[in-house]
Amino acid sequence: MMDASLLPPGRRWWLPQGPAVQRAFFGGWTVAVFAFLYLPIALLVVYSFNDSKLNLYWTGFTTKWYGMLFGNEVLLRAFQNSLIVATATTALSVVIGTSAAWLLYRYRFPAQQTLGLLIFIPMVMPEVLMGVSLLVLFVSLGIPLGYTTLIIAHTTFCFPFVLVGVQARLQGIDPSLEEAAMDLGATPLKAFWLVIIPYLLPAIVAGALMSFTLSFDEYIVTIFTSGADSQTLPLKVYGMVRVGLNPQLNALSTMFIAATAVLVIASQVFTRKKTV
Amino acid sequence: MAVTAAAAALAAGPSPQRRAGLGPWFAVTPMLGWLALFVIVPTLMLLVISFCERDGLGRIVYSFTFENYTRAFDWKWLKILGISVWYAFLTTAICLVLGYPVAYFIGRSSERVRGLLIMLVMIPFWTSFLIRTYAWISILSQDGLLNALLMTLKITSAPIGFMYTPFAVILGLVYNFLPFMILPIYTSVEKLDGSLIEAAYDLGARPARVFSKVVLPLTQPGMAAGILLVFVPAIAMFAITNLMGGGANPTIGEVIQNQFTKARNQPFGAALGVLLLAIFILSLWLSSKFRRSEQE
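Read top to bottom, the protein sequences are chains U and R.
Residue numbering for the first sequence follows the working numbering, beginning at 10 and increasing consecutively.
Residue numbering for the second sequence follows the working numbering, beginning at 953 and increasing consecutively.
So here's chain U without its partners, still in its complex pose:
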């Protein structure tokens, strides 16, 4: 039995208090927020297997919406376009981002501070501004809108993410690593390729995954910089979403969510293994 007279005056001793209560409150809050985040996604997945067109009642299990999806020529074509653009964007971003991160770390350039700020801009600039200004540039240079313009636009906002991630990993590098390689007779280029790149690999892989996902999902910049025959999946999906509810969209979404979950889990496992 608690002696109320021992407690500070005015403290309501019958109320449970202390860090444990705070923790319980935050825990409950977290559960509620996760329910908010996952309930809509869960419903999307469940109804992708429902036999009748979007309907509250469960009329039976089916995979026919998935079948229809794989027979949808327009979507398949858009998917292919997205793959082309995302792959090219990832390759370019990794090359530019990794090499620039290393050079900025290793060598002194004039106006390095300004440069650091400049790299930050495409990461945070509103997408509509980037899309519109690139459209103006491409039109005035006479470059027809298509794969090239899309890949350029996507790389512009993807490579800084690779650069920043690689830069973070470089903070923890042992400078004698490169020294040792050079002492053993490697040229700077060879030392970079054989010693630095393997060390940076986790950051490079993480940056590549990020670039691929960002490019694959990008909608706003894509509206302005794609041509008629380079329409990507998000453009087509947007069009379908505008029209209305469609179980095929549920099926498509389910596959996307599954792919995202696999990628996130894989990258978590990968980074954990590397740091241990």
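Quick caveat, the hints were computed from the structure, so don't treat them as lab data.
Be a bit skeptical, because a hint or two may be false.
To be verified - Incomplete in silico selection of chain U near chain R, CB under 10 Å:
#	residue
1	Phe-70
2	Phe-225
3	Asn-259
4	Val-273
Claimed, not checked - When the alpha-carbon atoms are kept at most 20 Å apart in a straight line, the in silico SDA-like pairs for lysine to any residue are as follows:
#	chain 1	residue 1	chain 2	residue 2
5	U	Lys-62	R	Asp-1095
6	U	Lys-199	R	Arg-970
7	U	Lys-199	U	Tyr-116
8	R	Lys-1143	U	Arg-32
If you're wondering where the values come from, they're calculated on a predicted model, not measured in any experiment.
C-beta atoms are modelled at their ideal positions from N, C-alpha and C, and glycine is treated no differently.
Use these hints to put chain R onto chain U, whose structure you have.
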């Protein structure tokens, strides 16, 4: 211990940076060129075009005029800009209130639980916004799940118009941006020194006081980053506001898009874009000022 640390410092030697020679300059050129050509030049072109006129066919005529700006400062467009900023502000505030306790809880959990919970935040973070917006559309629309449920339960006889309302727009924005608020705050909480909290408790502070006097100030950098990551993109995220709002009350991003596509008035669209750019730069400046005063 101290000896090995000193040895390590000696081994590390001076800073590894050396002055860039011809080779490194050559190697860094692609990146510099890329930023110049695809970030700086287009932005400057946008600025130039915003002072130009257009001919009857929508082509740009390079003659100087302020017309686009005088038109942009009309009440009609300022109201749209104001509403966009207001939506972004509400979204940021709701995300902060919803997200902070989550980030705090995750950051103060044991290592195992933390990894799992962060993964659960990352999955929606990386899922396409279109899919997550469609998830809410399938719940809220006329023939959606919520209306079906309400009608089955005989709570309402006719479907309720949840969609195309400010409520739907804010919900869509919050749902999309919430992970962007949780992650940076979580990073701040994770760095928090637990012994400071212990000390505050030992000195007799109650949980609410510990939270407001110790935890909140120490996680301010994370909050500042989260606010920046939500507020600025939310102003111009017209894809969500268009899908959830139906386009009757467009936000600034939609208007800019329309000027460049349907209306074919690029100079006016560019002028609105420059206004958005000004808001963007102002936000960046404010947040960097905020972070600098934090470090002092």
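Hinted contact Phe-225 (chain U) with chain R - closest CB pair below 10 Å: 8 Å, holds
Hint validity - Asn-259 (chain U) Cβ closer than 10 Å to any chain R Cβ: 7 Å, holds
Satisfaction of hint between Asp-1095 (chain R) and Lys-62 (chain U), Cα-Cα up to 20 Å: Holds. Lys-62 (chain U) to Asp-1095 (chain R) sits at ~11 Å (cutoff 20 Å).
20 Å Cα cutoff - pair Lys-199 (chain U), Tyr-116 (chain U): Since the Cα atoms of Lys-199 (chain U) and Tyr-116 (chain U) sit roughly 17 Å apart, the hinted pair holds (cutoff 20 Å).
Agreement of Lys-199 (chain U) and Arg-970 (chain R) with the hint, judged by alpha carbon distance not exceeding 20 Å: 18 Å, holds
Agreement of Lys-1143 (chain R) and Arg-32 (chain U) with the hint, judged by alpha carbon distance not exceeding 20 Å: 18 Å, holds
Satisfaction of the Phe-70 (chain U) interface hint, Cβ to chain R closer than 10 Å: 18 Å, violated
Per-residue hint verdict: Val-273 (chain U), partner chain R, C-beta under 10 Å: Status holds, d = 5 Å.
In terms of the numbered hints stated before, the structure departs from hint 1 and from no other.
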